[in-house]
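*Asks:* Keeping the supplied structure of chain A fixed, place chain B with the ligands upon it in accordance with the hints.
Chains as they are written, first to last, in the working numbering: chain A, 374 to 912; chain B, 7 to 335.
Heads up, some of the hints might be wrong.
Derived DEER-like restraints, expressed as beta-carbon distance ranges [unchecked claim]:
#1 A:R428 to B:T60: 34 to 44 Å
#2 B:S140 to A:L740: 44 to 54 Å
#3 A:M374 to B:G286: 46 to 56 Å
#4 A:S609 to B:T60: 49 to 59 Å
#5 B:G56 to A:D828: 43 to 53 Å
#6 A:N377 to B:V328: 54 to 64 Å
#7 B:E294 to A:T639: 25 to 35 Å
#8 A:R477 to B:A293: 16 to 26 Å
#9 B:H304 to A:P741: 30 to 40 Å
#10 A:L740 to B:G56: 37 to 47 Å
#11 B:A293 to A:L791: 57 to 67 Å
Heads up, incomplete: computed chain B residues facing chain A, CB under 8 Å, no partners named [what the hints assert, rightly or not]:
#12 G48
#13 A57
#14 P80
#15 A252
These are computed hints drawn from the structure, not numbers from a lab. Because the structure is a prediction, the values reported are computed rather than measured. Note that CB positions come from ideal geometry on N, CA and C, so glycine has one too.
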Amino acid sequence: MLFNPASSRTTGATAVRDGGAPPPVEPPPRGVIPPDPVSADSLFGVPRQQTNPSRWSGENWGAFAAALRADGVELREDRATKSAFVTDAGGLSLGAPHGVVIARSAAKVAAVLRAAQRFRVPVTTRGGGLTTEGETVAFGGLALDMTGMSRVKRVDREAMTARVEAGIFWHSLAEVLRRQGLDYISAPLNFTSSVGGTLAVGGIDVNACKWGCSADQCVAMEVVTPTGDVVECSESRNPQLFERVLLGYGQFGVVTEATLRIRPYTPCRMHYLFYDDLRACIGDLQEVVNSDATDYSGILTMKDRANNLLFAFDSDDRERAFFDKVRPRLRGLTETQFALRTAAFYALRPWQLPEALWLYRRKKLLLPEFERPEHLRDGKLLDRTVVFSRAVWRHWGNRTMVIPDLSTNAAKFADAVLEGNRVMRKYFKAYTLYCVAIRLFGKRDRYELSCMPPDAEGWGYGCEFEPMFKAGEFSRDYLQSFKNAIYDVGLRYGGSYYRFGGAMKGYIRRMFGDELVDRHLAMKRAADPAMILNPDVVF
Amino acid sequence: MYRLFAPVPPPATFVACSGCDVCALSCPVWQQTHDLRLTPKGRALALQGGAAATEIVESLAACVMCGSCVPACPEQIDLVSMTLSLRADLAAAGVSPLSPLAASFAPPGEHSSPANVHLKTVLLAEDRLLASPSLLAAATLRLGGPAHVVVAADSGRDVSARMEAGLTVPQARLERFLDGLRGALRVVTTEGFISRFVRKWLPGTPVRTLGEACLALPETRRALRPTDLYVVEARGYNADRERLVAVYDALRHETGCDISLDLQRLAIPTAAKALNTRLGIGPVKSAEQVRWILEGRHPRRIVVENLEDGEAFRRERGVEVVHVATLGA
Ligand SMILES: Cc1cc2nc3c(=O)[nH]c(=O)nc-3n(C[C@H](O)[C@H](O)[C@H](O)COP(=O)(O)OP(=O)(O)OC[C@H]3O[C@@H](n4cnc5c(N)ncnc54)[C@H](O)[C@@H]3O)c2cc1C
Ligand code: SF4
Ligand code: SF4
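Chain A on its own, in the form it takes in the complex (with noise of 0.2 Å):
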């Protein structure tokens, strides 16, 4: 057992045991093909397929809602409520959940969980959403909808933590603590991912170098387990439910609170370099990273042919101490010598000629992004969270769109972001690569089948490769190659994957092996005897 049933809030392991054995399941006539709702139709007469199937078709639904109902859950069947989780940030798997119930309080999220073991009905749960390969979406069942837990419920001066309803969104915890002078330590840059799902896959920022992922934040967490009991957990409280919640994707619990550790506010001054070669940008970022003198820390590419070392800092004096000692190390270009460097490349080379005006008016587009002047005074970045996200969304977001990834160790990563580069540019003639450092504190369980690569000392580096959706459209089939064609390359390296769940589940034992995944799984049916909880995203 991963936690003390004496330290649980409710009795919900054994109201299952008491329950007795699961009703059983009726099969539905031969012949019959059991309900099992999509979106609605996109054509006329046409029906809307699910992408993936389901493992499940719709048994003791009904009965599950009239015990979520008998037990006080607002539970939503309509089409127009459904709508909106028919697919994820990917755009690309599409299903759609039987119901929706919007969590408002750990009772009943517990009340579901109680019911979804007891009729064997899945539960798939949501936060922000911004999953790509599928992992929150419901392939039927019930979609539990984490943001309607979103309040910050106390802020600790003292401790410097705030404790916060996991379905909050990390804009929102900003809005909030920016008004007392105080800010979020890490958090994905993107505004909208919620703490709790952040909590249950990483969350990676540009200062990821020196915090470590935002998972690394928490100090405690309020979880529902699979079996509906509400246990506290920390590094010292229940241990093992804790290590397992953190990066556990969601199998091993719903994370219904989180205590994290918040910082005083500091606007921070970005510095970019530029550099044509990747290699030369990559070995540049990992002498920043060693030399520990910077607080934020990224690469960030068009194609790779404009490469971009940023960084940043929350003090003056480390600025100083940084250009002062690292600097002169760096092999990186400023902008103008880049430019005529540039220039002279593609001078040499007229046939070039598009590309080097699809760089030129990309950078034309996205720099004002990064420099409007309310986000910035005396040259420091007031928002910078709002600025990265604003431009992700605007620049990179689209309907459909695959961020496929891969994390390795420090000695691996030039080879294999070059190698990935290459299926890049196969693929797409507009992309972007974004690289960070991920600080490791030492071989914490959490970091288990996990995005952190397994043989990493320090630091991991991830690699994330973006193609421009927004230039072209591109067939699920297409897309579905080239993430392959990535995660090949990860597997040679033998790293790890940020999103290696839902669509990319068929990497899992590939990369870490048997032996790993079997003893996850075997925690996992002991966790969720029914297997309810986030099926098919991992196991």
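*Replies:* Showing chain B with the ligands alone in chain A's frame:
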């Protein structure tokens, strides 16, 4: 292929919604309900799923038309127009909860003939301002004095209310309203919902908020203090956010006052003026908006651009509330 010359895309509709949720971050309905069905995303995705307006009545009735979702949307969907056209569907089906109130606003009498506004500033004043002669005089003075300002006899309140409820405005009525504005040097509004449309209807005429017009005067800015909270009239600001964001950023720089903008620099509405809040329907409570604007802020004085906003703050807090037109007088 690289697109060397990007074609101008057609205006985005609900079809373009990626479900990113960014519109929810600043939406007062989201803030108060944490129910994504009631946000623009909820509506757009319901439509993508084939739902009709009549299936999302609750969501359509909830919107307070603050407009903060429009500049927020990365897909640049005109979400206010989307919601209004769905409200029009409800009205056509006879199930709009807002229609009865909107229809009760009578247009001004037929006999009132428009004043000569040629090369003058026309002030479209809210009812409360019209009812306060001293404040109206102060506002007129701020806009250049009686010789240069015409206070519109036809404020278009019925036009505005009908638009907000999704009811059609008879062409003749619209023309009569616009006749009172045509030829003006500029139109100044105290309530931003109508300004969004006046800007479209009279493309050559600058449309400004009373707040912006007052803040253009150095004496107004000098009267602002770092301990003030400046409450922007949200509908007007959000409707012209791309331009106004610089104006208010400069104001903050110059005076040090706090401003009722969020981290995305979108104006947080009190929602006091919305049809549905006035009717008491829908989930958004003005008092809750006031509480949120004041959370973590401790102003000594609140400066408002809109009298309904001022009223909402006065009701909730004992802090001194003044109108921007009275500053520096
Ligand atoms: C445009 C874009 C940009 C992105 N940028 C970044 C980035 O910079 N850094 C980064 O780290 N990621 C990034 N991501 C990925 C995404 O932001 C992360 O996966 C994010 O943290 C997910 O948060 P969410 O709330 O959307 O979670 P969801 O997608 O809703 O859920 C993620 C997983 O967690 C589970 N889950 C959700 N809520 C809970 C809960 N309360 N308790 C238990 N399990 C739960 C879900 O079942 C699912 O398996 C990006 C994604 C997109 C689409
Ligand atoms: S911001 Fe725009 S694209 Fe994003 S969810 Fe809202 S309506 Fe859809
Ligand atoms: S106009 Fe305001 S209330 Fe209406 S949906 Fe947009 S943000 Fe929400």
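*Asks:* Which of the numbered hints are not met once you compare them with the structure shown?
*Replies:* No numbers; nothing is violated.
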